[in-house]
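Novice: Sequence:
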Amino acid sequence: EAREGWAPLGPLFSHESESNRTTSSLPSPPFFGPMYAANTRRSLLRFTLLLGVWACSSPRAVAHAFQPTSVPPLVDVPVWSMATLNGDGTTNFNILTYATPVSIRPDRLYSLGLYKETLSYQNFCRDRKCVLQLLTAEHIPLVRLLGGRSGRDVDKERECATISDDVAFGLQELGSSDLPKVLPGCACYLRLSASGDIVDGGSHDIAICKVDEMLLPSEDYVANSVDYLSTGRLRELGIITEQGRIAD
Numbered sequence: 197e198a199r200e201g202w203a204p205l206g207p208l209f210s211h212e213s214e215s216n217r218t219t220s221s222l223p224s225p226p227f228f229g230p231m232y233a234a235n236t237r238r239s240l241l242r243f244t245l246l247l248g249v250w251a252c253s254s255p256r257a258v259a260h261a262f263q264p265t266s267v268p269p270l271v272d273v274p275v276w277s278m279a280t281l282n283g284d285g286t287t288n289f290n291i292l293t294y295a296t297p298v299s300i301r302p303d304r305l306y307s308l309g310l311y312k313e314t315l316s317y318q319n320f321c322r323d324r325k326c327v328l329q330l331l332t333a334e335h336i337p338l339v340r341l342l343g344g345r346s347g348r349d350v351d352k353e354r355e356c357a358t359i360s361d362d363v364a365f366g367l368q369e370l371g372s373s374d375l376p377k378v379l380p381g382c383a384c385y386l387r388l389s390a391s392g393d394i395v396d397g398g399s400h401d402i403a404i405c406k407v408d409e410m411l412l413p414s415e416d417y418v419a420n421s422v423d424y425l426s427t428g429r430l431r432e433l434g435i436i437t438e439q440g441r442i443a444d
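When we follow my numbering, the leftmost residue of the sequence shown carries the number 197, and every step to the right adds one.
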């Protein structure tokens with residue numbers, strides 16, 4: 197007999213076959229027809245409701261109207277100065293914010309975005325090397341000179357030593373005549389050499405550079421112990437614009 201609360205199994209589970217019409221010894225339930233149909237309808241209804249609840253609770257991608265923009269994200273990045281040798285052996289400096297580490301093995305590599313219309317770009321393409329200096333707040337008085345004036349018009353090596361009556365930056369040597377002089381007090385110095393071809397990027401060229409050496413300013417200096425200068429800080433001071441240019 198059928199168990200209480202269970203729906204009868206129906207003809208698919210009877211013991212009849214086309215070749216042998218003998219009836220199973222299991223008795224068929226006397227209430228097979230209408231009650232089976234009612235139970236089936238209730239089961240289908242319950243399944244449909246559960247399926248609807250699952251569909252409503254499942255995460256789905258929702259169409260969203262994105263807004264195109266011509267304004268790039270305003271990010272805060274380190275401010276570097278690139279030191280290169282001029283043709284006469286003096287040192288030239290610029291301000292560089294397009295400098296990004298891109299690999300660490302087997303060689304530590306940096307990607308530089310170099311503005312083409314500068315003496316620094318000309319020097320780098322000729323010698324294929326430079327010294328990248330990570331500036332600190334101490335160097336804020338130099339930013340307008342290094343980033344706002346061309347080395348073709350002013351001797352930046354001399355100007356750094358006489359920037360004002362209160363501030364002067366005596367340049368330091370790295371111990372080799374084929375290397376540029378550097379600014380004192382930087383958070384870090386990276387000796388770089390170009391690795392491969394310089395790629396045309398329109399207004400800027402892209403140079404992938406190998407880090408030949410990383411230097412700290414002194415023996416007792418602890419790496420990363422001084423905050424580096426950032427573009428966000430220069431924007432706060434009104435020294436650069438949101439586009440990264442020296443403000444008027």
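Any given hint could be a false lead.
What the hints assert, rightly or not - Dumping the calculated DSSO-like pairs for lysine-lysine here, alpha-carbon to alpha-carbon at most 27 angstroms: (1) Lys377 with Lys325; (2) Lys406 with Lys325; (3) Lys377 with Lys312; (4) Lys312 with Lys406; (5) Lys325 with Lys312; (6) Lys377 with Lys406.
No lab work stands behind these hints: they were computed from the structure.
Novice: Check whether the Cα positions of Lys406 and Lys325 lie no farther apart than 27 angstroms.
Specialist: holds, 9 angstroms
Novice: Holds or violated: are the alpha carbons of Lys325 and Lys312 at most 27 angstroms from each other?
Specialist: Status holds; Cα separation ~16 angstroms.
Novice: Please verify whether Lys377 and Lys406 have alpha carbons no more than 27 angstroms apart.
Specialist: The hint holds at about 19 angstroms.
Novice: Given the hinted pair Lys312 and Lys406, is their alpha-carbon gap at most 27 angstroms?
Specialist: Distance ~21 angstroms between Lys312 and Lys406 Cα, so the pair holds.
Novice: For Lys377 and Lys312, compute the direct alpha-carbon distance and say whether it is at most 27 angstroms.
Specialist: Satisfied, since the Cα-Cα distance of roughly 22 angstroms is no more than 27 angstroms.
Novice: Holds or violated: Lys377 and Lys325, Cα atoms, limit 27 angstroms.
Specialist: holds, 13 angstroms
Of the hints listed earlier, there is not a single one the structure fails to meet.
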